[in-house]
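Enquirer: These protein sequence lines are chains E and V, in that order.
If you use this note's numbering, the first sequence corresponds to residues 1 to 278, in order.
If you use this note's numbering, the second sequence corresponds to residues 1 to 306, in order.
These aren't lab readings, by the way, just hints derived from the structure by calculation.
It cannot be assumed that every hint is accurate.
Straight-line alpha carbon distances no greater than 30 Å define the calculated DSS-like cross-link-like pairs of lysine-lysine that follow [claimed, not checked]: (1) V/K216 with E/K275; (2) V/K16 with E/K275; (3) E/K275 with V/K214; (4) V/K68 with E/K4; (5) E/K276 with V/K216; (6) E/K275 with V/K20; (7) V/K68 with E/K276; (8) V/K117 with E/K4; (9) V/K16 with E/K276; (10) V/K214 with E/K276; (11) E/K4 with E/K151; (12) E/K276 with V/K20; (13) E/K275 with V/K68; (14) E/K5 with V/K68; (15) V/K188 with E/K4; (16) V/K16 with V/K306; (17) E/K24 with V/K142; (18) V/K117 with E/K5; (19) E/K24 with V/K139.
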Amino acid sequence: MSNKKVIQTLALVVDTFREAMARKIIWGFFGCSTALILFFLLLVKIDVVQGAIATMSLFGKTGQAQDMSKMVTTVHAVISNLLYGFGMLLAILASAGLIPTIFEPGRIELLLSKPVSRTHILLGRYLGNLLVIAANIFYPVIAVWLIFGIKTGVWTPGFLYSSLLTVFMFGVYLSIIVIVGVQWESAVVATMITFAVIVISIILNFQSGLERLLTSDWSRDVVRVLYYILPKGVDIGKMMTNIIKGQPIDSWMPFWSTALFGLCCLGGGLYIFEKKNY
Amino acid sequence: MTYAIETEGLTKVFRKNWSKTEFRAVDGISLRVEPGTTFGLLGPNGAGKTTFVKMLLSCSHPTAGFAKVFGQDTQTRQAREPIGYLPENHRFPTYMTGVGMLDFYGALSGMDSDSRKRRIPELLELVGLGQWGSTRIGKYSKGMLQRVGLAQALIHEPRLLVLDEPSDGVDPVGRRQIRDILEALEKKGVTIFLNSHLLVEVETFCRDVAIIHKGKVALQGAVSDLTAGSGYKVEAENVPDNLAAELHATAKTHSHNNGSYQVLFDNRESANRAIDLLRAQQCPIEKFGRVNSTLEEVFIRTVESK
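When you get a sec, could you build the whole thing from the sequences and use the hints?
Expert: Dropping the structure here:
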């Protein structure tokens with residue numbers, strides 16, 4: 001990448017950060033994360049002084065050092081799932097407008113008049129948006145991991161890896177926002193369609209149960225095909241819990257098929273953007 | 001010769017997705033703008049000016065023909081490097097300060113950090129916003145937005161400046177200041193392509209103009225040629241009726257106004273003969289001169305005749 005391209009990419013990323021900071025929802029996200037960190041910081045500090053070095057208490061429960069690992073892993077899993085569910089919801093709401101706003105008349109013309117390719121503009125914005133949310137996810141995860149690690153001596157890397165999966169999943173949902181945002185230039189439509197995809201993918205997770213309810217072969221085939229095409233949020237969530245608990249991953253199919261879906265949406269968004277007239 | 005702007009058969013057809021109707025916004029425009037020129041693009045609303053400009057900036061893709069900027073096809077990224085652009089209904093991000101906004105667009109133009117740091121205070125001073133650099137753009141007035149928009153267009157020292165209604169919303173003092181800035185740029189050899197509804201502004205500032213109507217170039221040429229003499233006017237007093245009748249026979253038009261007699265001739269010879277006759281009859285001559293059309297008259301004549 002040439003020096004000019006690096007400068008342009010940085011400008012697009014920093015601009016996305018600035019715009020995100022101007023939105024109150026990002027500060028809400030940051031506030032929730034800080035509250036979570038303070039909660040654990042104060043809680044662990046109080047309980048540590050109650051026990052001996054070999055035994056500690058968390059949430060008022062006293063355990064041996066051996067149980068401590070299990071307890072910390074459980075807390076990690078709860079926080080990961082909280083971020084994966086509630087955090088993802090906030091992340092989508094916070095960033096749904098960040099991509100469609102660049103297509104506003106009077107703003108897009110100015111961006112396109114600069115010596116930057118359309119692909120570069122959209123990918124720069126996508127990267128900026130992804131980094132904004134990644135920062136908001138890594139902030140509580142790293143802080144909580146450090147708090148528990150220092151206080152309990154349990155340093156499970158699975159918790160850190162799980163946050164990468166959360167960012168990955170957000171990246172996939174963001175690619176839906178990209179394609180819808182480019183096509184319809186509306187944050188509301190982009191949010192609605194992204195949530196619709198999430199809900200449908202959750203329903204499709206009960207694929208075997210659904211197939212039993214359906215009477216015709218073709219409708220069962222439709223369910224099966226949709227399951228493989230759409231992102232598998234529930235399966236990725238399960239993978240995340242397995243990683244935290246140090247358990248093996250049964251199949252990586254949900255990961256790569258979800259990644260493929262994200263790439264197709266992003267590619268589609270870039271194609272539409274290249275062809276569009278403003 | 002490499003033109004600052006060169007278009008050949010540039011056409012843009014908009015088609016509705018679900019019907020077969022189509023609209024030719026720009027219809028085969030061939031235009032050449034020489035480097036260092038000040039060029040005005042005129043036309044009534046919906047004539048195709050904005051679509052034409054958008055194709056120059058690759059915001060819109062041509063259906064047919066091509067457009068080049070300094071010899072580079074406008075569909076390439078390189079063609080946009082020498083262009084500074086100020087859109088008409090710009091929407092600058094309101095969360096940015098003046099400095100932040102200039103820094104962002106400077107970086108997008110490929111300027112390094114040091115160049116931006118040097119250039120931004122210079123430009124803010126130039127457009128009269130030296131004190132407002134750290135204020136959020138959301139708090140700027142319309143005139144201030146135009147000024148910071150102009151600064152944005154100038155940030156990377158472009159060779160071609162495309163301005164869409166640059167003095168829209170700017171007070172007369174600010175308008176004069178903008179004109180001074182543009183004149184200084186013209187002297188430096190910057191090509192200025194002006195799209196404005198203010199015909200007086202175009203007439204005083206631009207060397208060449210093109211009038212676009214219904215997607216086509218209806219008239220093009222140097223402002224001085226287009227507005228050049230449509231006749232010679234003589235104004236005199238106490239003209240006797242018999243002489244007035246004699247002058248009327250060779251005149252284009254004539255009129256009486258508060259004892260003053262005004263007569264318009266097609267050519268200089270007829271006007272000189274009339275002056276001789278008026279002097280012979282000792283009629284005081286108040287005025288004599290070549291009559292020029294205003295650009296507004298040329299514009300209205302062109303648009304109404306098509």
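Enquirer: Sort out whether E/K276 lies within 30 Å of V/K68, counting only the CA atoms.
Expert: Given pair V/K68, E/K276 holds - Cα atoms ~20 Å apart, limit 30 Å.
Enquirer: Are V/K16 and E/K275 close enough, with their CA atoms no more than 30 Å apart?
Expert: holds (15 Å)
Enquirer: When you check the alpha-carbon spacing of E/K275 and V/K68, does it fall within 30 Å?
Expert: holds (19 Å)
Enquirer: For a C-alpha distance cap of 30 Å, please report whether E/K275 and V/K20 respect it.
Expert: holds (20 Å)
Enquirer: Below or equal to 30 Å on CA atoms is what counts here, so check V/K68 against E/K4.
Expert: holds (23 Å)
Enquirer: Given the hint that V/K117 pairs with E/K5, does the C-alpha gap stay at or below 30 Å?
Expert: Given that 30 Å is the threshold and the Cα spacing comes to 19 Å, the pair holds.
Enquirer: Regarding the pair V/K214 and E/K276, is the alpha-carbon distance no greater than 30 Å?
Expert: holds (23 Å)
Enquirer: Is the Cα-Cα distance between E/K275 and V/K214 30 Å or less?
Expert: holds (25 Å)
Enquirer: Between the alpha carbons of V/K216 and E/K275, is the straight-line distance 30 Å or under?
Expert: holds (25 Å)
Enquirer: Keeping to a limit of 30 Å between CA atoms, is the pair of V/K16 and E/K276 held or broken?
Expert: holds (14 Å)
Enquirer: Hinted pair, alpha-carbon criterion (30 Å max): V/K188, E/K4. Please report holds or violated.
Expert: OK: V/K188 and E/K4 at ~26 Å, within 30 Å.
Enquirer: Holds or violated: E/K4 with E/K151, Cα cutoff 30 Å?
Expert: Given that 30 Å is the threshold and the Cα spacing comes to 46 Å, the pair is violated.
The earlier numbered hint that this structure contradicts is number 11, and it is the only one.
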